[in-house]
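S.K.: Using the sequences provided together with the hints, build the complete structure.
Each chain, written out:
Protein chains: 6
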Amino acid sequence: MDRKYDVITLGEILLRLSTPINGRLAQGDTLMKHLGGAELNIASEIGQLGLKTAMISKIPNNLLAAFIKNQMNASRVSENYLISDTADDSRIGVYYYEYGSYPRKPRVVYDRKHSSINNIDIKDVPETMFYNTRLFHTSGITLGLGGNAQKFAIECIRKFKEQGTLISFDVNYRANLWTGEEARACIEQILPYVDIFFCSEDTARLTFGKTGTIEEIQKSFCEEYPISVVASTERTVITPKKHNFTSIIYSAKNDSYYREEPYNNIDVVDRIGSGDAYVSGALYGYLKHKDCRKALEYGNAMAAIKHSVIGDMITTDLEEIDSIIAEHKNTGYHSEMNR
Amino acid sequence: MDRKYDVITLGEILLRLSTPINGRLAQGDTLMKHLGGAELNIASEIGQLGLKTAMISKIPNNLLAAFIKNQMNASRVSENYLISDTADDSRIGVYYYEYGSYPRKPRVVYDRKHSSINNIDIKDVPETMFYNTRLFHTSGITLGLGGNAQKFAIECIRKFKEQGTLISFDVNYRANLWTGEEARACIEQILPYVDIFFCSEDTARLTFGKTGTIEEIQKSFCEEYPISVVASTERTVITPKKHNFTSIIYSAKNDSYYREEPYNNIDVVDRIGSGDAYVSGALYGYLKHKDCRKALEYGNAMAAIKHSVIGDMITTDLEEIDSIIAEHKNTGYHSEMNR
Amino acid sequence: MDRKYDVITLGEILLRLSTPINGRLAQGDTLMKHLGGAELNIASEIGQLGLKTAMISKIPNNLLAAFIKNQMNASRVSENYLISDTADDSRIGVYYYEYGSYPRKPRVVYDRKHSSINNIDIKDVPETMFYNTRLFHTSGITLGLGGNAQKFAIECIRKFKEQGTLISFDVNYRANLWTGEEARACIEQILPYVDIFFCSEDTARLTFGKTGTIEEIQKSFCEEYPISVVASTERTVITPKKHNFTSIIYSAKNDSYYREEPYNNIDVVDRIGSGDAYVSGALYGYLKHKDCRKALEYGNAMAAIKHSVIGDMITTDLEEIDSIIAEHKNTGYHSEMNR
Amino acid sequence: MDRKYDVITLGEILLRLSTPINGRLAQGDTLMKHLGGAELNIASEIGQLGLKTAMISKIPNNLLAAFIKNQMNASRVSENYLISDTADDSRIGVYYYEYGSYPRKPRVVYDRKHSSINNIDIKDVPETMFYNTRLFHTSGITLGLGGNAQKFAIECIRKFKEQGTLISFDVNYRANLWTGEEARACIEQILPYVDIFFCSEDTARLTFGKTGTIEEIQKSFCEEYPISVVASTERTVITPKKHNFTSIIYSAKNDSYYREEPYNNIDVVDRIGSGDAYVSGALYGYLKHKDCRKALEYGNAMAAIKHSVIGDMITTDLEEIDSIIAEHKNTGYHSEMNR
Amino acid sequence: MDRKYDVITLGEILLRLSTPINGRLAQGDTLMKHLGGAELNIASEIGQLGLKTAMISKIPNNLLAAFIKNQMNASRVSENYLISDTADDSRIGVYYYEYGSYPRKPRVVYDRKHSSINNIDIKDVPETMFYNTRLFHTSGITLGLGGNAQKFAIECIRKFKEQGTLISFDVNYRANLWTGEEARACIEQILPYVDIFFCSEDTARLTFGKTGTIEEIQKSFCEEYPISVVASTERTVITPKKHNFTSIIYSAKNDSYYREEPYNNIDVVDRIGSGDAYVSGALYGYLKHKDCRKALEYGNAMAAIKHSVIGDMITTDLEEIDSIIAEHKNTGYHSEMNR
Amino acid sequence: MDRKYDVITLGEILLRLSTPINGRLAQGDTLMKHLGGAELNIASEIGQLGLKTAMISKIPNNLLAAFIKNQMNASRVSENYLISDTADDSRIGVYYYEYGSYPRKPRVVYDRKHSSINNIDIKDVPETMFYNTRLFHTSGITLGLGGNAQKFAIECIRKFKEQGTLISFDVNYRANLWTGEEARACIEQILPYVDIFFCSEDTARLTFGKTGTIEEIQKSFCEEYPISVVASTERTVITPKKHNFTSIIYSAKNDSYYREEPYNNIDVVDRIGSGDAYVSGALYGYLKHKDCRKALEYGNAMAAIKHSVIGDMITTDLEEIDSIIAEHKNTGYHSEMNR
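Protein chains in written order, with UniProt numbering: chain A, 1 to 339; chain B, 1 to 339; chain C, 1 to 339; chain D, 1 to 339; chain E, 1 to 339; chain F, 1 to 339.
These are computed hints drawn from the structure, not numbers from a lab. Hints may be right or wrong, so weigh each one.
[As the list claims (entries may be wrong)] Lysine-lysine pairs mimicking DSBU-like chemistry, simulated, CA-CA at most 30 Å apart:
hint, chain 1, residue 1, chain 2, residue 2
1, C, 123, D, 113
2, A, 69, E, 151
3, F, 294, D, 69
4, E, 69, F, 113
5, A, 242, C, 242
6, E, 69, A, 288
Please read all numbers here as calculations on a predicted model, not as lab measurements.
M.R.: Now the structure itself:
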């Protein structure tokens, strides 16, 4: 397969404005400025691990575009399919984030309506794009935006699939975008195209009405649809600042389940984006090594390490992730640094 | 006159997100968080000088509402007429600001479309409001928003006028909101209701097609419309970080012009909002002392001091402004502090 | 009862100067600037929950007065009974605070002697004040200042009581202000006036010589004095950064005890002011709902959430506290945010 | 002369709490923490230039003492004569400082009453101290504190003089400490002991009633009193952020005046302490080189460079000052760095 | 010409550690972290203007490599020719920078000896590189490093030239790297290969012993060597914080001189790198438009705007530079922003 | 014994550049600036506890020298034996530090090759130095630098020993400096001179091939060499942010072991330097009280408290450490502050 990109993602790029840790939106006079958005996180993280990635999105043609493009390039995501919105009311979606500290929960305010991605149109992208990547990924957030974005996403899925591209999809259910029924109805439309499916146990139960063990649930998706791989993260919240994290992956091809010991007592600095980091690691492992065990290990390691930094995505490289995996397989963890 | 408020303003409240001084939007990881909006600035500053003020606006019912209300209360602006927008797509308008440094200009990105004020409706406010203040103020920015906001503003002007309320209006022309012709057509509709009119010489010429000296221009407005007072600021930009500032006020009643020596060599830290500070000082002087000379002095002093702080509005009090006026009338300026 | 305020508190307003977290007073070049003082914290927090509050205090007539007044207004505390000290040696009390980190303890340096409140005089306040509130609150800190402040506080208690005002008192024993015997002697003078009494188990034993269970102790206060309600907080320090917190309230009227499950594993960002937050929640619950169970729930929730922010007082609103209470009654806690 | 110190100063050590530049005391949540006090500035700066210095002062025995002592040691000022105040109401004087920006003036709030130095007593210091230095310096600020501090200062002057120590005195008139008449009466008491006298032209005229040219004024002091050297700074304020600075020194011994070209267009970052820096440079030049020309050059250079940093005192060393002097004598100034 | 890159530069990448503005290296506890190095600045800035660039350098294989690569990618510089130094003593050169404020000069401490670039070897780069770009640029700094770096640079010049690549060279004389004579001897070796030559008037006189007017000097270089274009910047330092800047370019081909009005009263935030920004603009203009007038305009505009930001290089884009040029040709400058 | 210093240490002074907590070297634009180096940490901390200390090192003669000297003086370490390196390629060693957060490990990048200490020569120091202290301390880091530094260190040990000075040595094995065999061979050369030996159990086993219990290991060192005291720290890492810490000391003289309860659940803010803090406390206790129990208690307390602050060394004083010891012996720990 001679395609330019390993992964192309589609989704909304958001400006994330968060309070300093321990601060509140109602107080203070500074905000931290980051980029976010599930599919951007994933493209950036896979790019940092060394695969070639690009992202399809639509952003306003203003000063913030330079911020977005610089960051994408910094993490090796091609801006070739970034569409510039020159309309008068073009805007970048924003979300405001306030860190929690038990018993005060983290809180998020979304201001993403009317953003440029909602005007995206299939004519905005070149036909060549559809046979230019090994894998296409999007999520339930993009579908949940509804309207043009949903329509565009579904069309992309079909067109990429026609070109023999692997289709990856993460349900990523957000109650503030749509109801469970809306989500189910829409996602069931695209499941026939999906090869790699990310769905948490809770969502499988609540949104798709699944029952039984997680293993049964995963298998049932592959029985209903021509899905090859189902991955489900498993998070245990010990305290808001200590989580355990692992996942289970089911491969339909060899009818096997993949598991490993959880990363226990993860220091949670910033939990946002850890699910996306999981997807990025899993897709990297799957594409690079064609091995669900590698998908599992990279997925868990990326998710675990993501918790340790502020912002939606981790800045890392393959060497670091490999050493985290090696350490994890070895003895759990070691506190001390090498010097 | 026994009214609860001295001044009620109407306008949009904006979240202002600015880079650190010398920073760029395309770089860095922090933004400064302030509130802005011409009519909020004015209500806050008049409130700080000791008159009773309130503001009519519509804001989303989210975590940022607490930030807005706390700040309004801190500067003694009543939140009684602040309307809470509980709609799903409610949002606060945002503007991003990057400071300039010659030859790099300051730059601003507005993201105010679809904000909550655009859904404002005359039924959102109680009828009692209209006879509850001595003066009502709004600006060409509010009219320039068009749609419901414009309609609401015009209705407010009529209803306040009916109750014998003084009407104050600042043209505040913004090319990114509407064309000069649109502005002129709309503003000429409301000029018959206006008592105190703020209009710069440039705008008078470019938008209203006025000719002649500034004195002739000011007088002509009072001849065409039943305007009592016309105030025009006069700014000289020596360098982007050094301005001179003064103003000229015409009183139709006694057919007199009021002037004073400019504040020269103002240290420009942040120029945004200095025009609003002028309006606030002028309205304070006019309402408190019923004297255009006082309007001039307070207006110029408030405008001058505004340049010295970061953010849309100054934090000050009457005692400080009085001492600045005294100093200014005395000898220009004195560099040293009292100790 | 038609009184303007729900709560008036009396106490000293302090400028709190704290190091950055992990910093030391002996190092570094910045300090964080907050306001503090038990009774200010309480008035602010009750004000934020929606009741009308004012505070009696005396502050110097200098630039810091604006800081104080802005913050009071921001949290809806009336400055009507704030007395301006124009004396030459007027000053605001200061305390310096350094965060601890085991085994390094938090440390505090008080510099509150000779502050303006020590010159407070009953003639500084209008007679009308005494029949203008439903409840008056002060604490053992104010009495412990001694001299004029103590005399003023005792006089206030008497005068408010004469007007049928509820009297609330928090022992808040501070060894650096007075000895246990001095405290006991003084407080026993005012207990005959007190309706709502806050006293921890330790203080009851050490200062008042009480014995028996906490339930017996609480009841004994109501037997000796015409106290209606006794509230005692119960804190377990697991580590300096993890506390459990709950309380027990005794109502003499129906001879009942109120308790609930503790908030466990509270993330302690800043422990200062959590006792005051308890008082504010308890008084809010009591006044708003006339129900000791509500006093308990609001008290515990306010105390618990206070630990999560830097500074003497929390910035919050009723909606947030209600959701924390609901969450707490439900399942302990949930780590994830709503989105 | 075999004395341990070159210079011992006497004065109050103040904690300086300043807003960030462009910030206001009424806003924001951080303050910068520095030490200040004229005589500390002088001892520190002379210490940095390489002479041995110590300072007599009295400070509270609390956590801030470590901050003070660390800073003194960092600038090579001996803490041998620093007296620890263990009294209950011991306190360090504080001053709050807000930077100005035309037309907003810098503002200062002093909170120095009741500070530990006001309890200083001659018994606090060892008799050996009086023959242990070549020069003793204090200022009109210490005398202006009145009470014990004034009494102590006058006694020190007498005792040091008895031991053949040079006495240096800077009038440093502060209207917020005493009236001009009080200052004159007190200072005239100690002038018979003074060898090196710092007095600005304005103060000479206003406080001492001098007339004539600055040269005549300087000479007249030496005619009335056995003063050897009189130094007067000359500052021209072009704008609050641009000053010119030079000085004139009169030597009675050879009846000569010393002058040099002013440092023109000094970038004023922080003007506080530039007068003290002048004294430190002048005393250094005088003691090290026994030459009034050197006193002039070091004084002017130290004053000029002080304006360039935040805080009461400059951090520098002899090499830097020598290069500034060389540059200044050469061509005025050069913008570029050496690389 | 079908080459992959428009510009390849060769030079050392430095970690720049600067104090906060107004801070000193001897004080404080933070440093700002940037990348620097003349040839990196140039590649980054040309990359931002839209041409394809790469940089040849050698950097240590440690955590800082990720910082360097992310930044290069962010500004669109290919890391393809970045050589990783895995030696034990590999290191990145560092320079410490302290901002000046008259009369305190900016100061710089270089710690670049033994850095990885000093081990660079012609075998580190592929032969294909030499016919893969339209233009190769390096500077006297790289030659001044001596040893392997110098040898490598000279070899690169020869090899690129052999492939018909344009050779650009900026003298950029640094006295702390070599003497004028050493510089002259070495540079005269490579001048026969140079097409575009950057040399200031001062350097031409002091290092190359040129006399006559700047026009005569520029022409003489083209007469002695087969140089096509000579560009010389002209800077006037009004104060350290106000500079004027322009340049003069001589084209040998049409024997013409190009000049324009200086950018006057530039606000100097950070002067470092403005010379490199000039080179980047000039090379961009020359390569894109094949026009020395464009080289002049882009060079001057890039240099002027560079002064306005902190760090070695500007973050910008073509649209901004075009608008600065348009503004400059129009009326000098305009203080106000567009809104 | 009449010697000027209690302790002289020898080692490299490093500039420590660390990310903000939770930050990464590959991101962000600030670094924290501290000094580090095992032997500097020890001299500073013993100096703060009240003994007289000096340090032998060699540092470049540039702007950073002032930073180093100011900090040394601030913590009462004499700079008398600090050697100034005026060579062209003089440099201060640097280390970059990134905090970890499980599962992301802390990471360190050393850049200490070619630093000034590597040119140190016995002729740089005066002969008088060798009989001017009670105790000399250095570590395996200094020996591991190899070359001149190693040679100098061994010579110092011999010369100090000749003068009857106590020799203290901490193995402090660093794999990035030398191999275990190199370390063993070198250290065995100097063990015959050592009086006080610091060696962890792990190092004893891995580097020196010891077997048996820690007690047996400690004793065996004293049997093989004329060592008086062996101290070994014992650290248990619960999580990277929670450690337990204690130590065991063996005194050959009275053939006794000293132990105490560990400090449990230490809040680990910054673990770097805690081993050095142990050495400083142990040496202080030993020198001041001539008692291994005191060495143990001060060592453990200093190590424990070091974890609570950012940077290589703690800022503290004897009073604080004494209160930590008292608290520790009493009841483990107490969360609350004294007020």
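S.K.: It remains to establish, for every hint, whether it holds in the given structure.
M.R.: Structure-based check of all given hints:
1. With a C-alpha separation of about 25 Å, the suggested pairing of residue 123(C) with residue 113(D) holds against the 30 Å cut-off.
2. Restraint check for residue 69(A) and residue 151(E): the C-alpha separation of about 37 Å exceeds 30 Å, so the hint is violated.
3. A C-alpha spacing of about 27 Å is found between residue 294(F) and residue 69(D), which places the hinted pair at or below 30 Å, so the restraint holds.
4. For the hint linking residue 69(E) to residue 113(F), the alpha-carbon distance of about 24 Å falls within 30 Å, and the restraint holds.
5. At most 30 Å may separate the alpha-carbon atoms for a hinted pair to count; residue 242(A) and residue 242(C) meet this at roughly 13 Å.
6. With a C-alpha separation of about 22 Å, the suggested pairing of residue 69(E) with residue 288(A) holds against the 30 Å cut-off.
Violation of the numbered hints given earlier is confined to hint 2; every other hint is satisfied by the structure.
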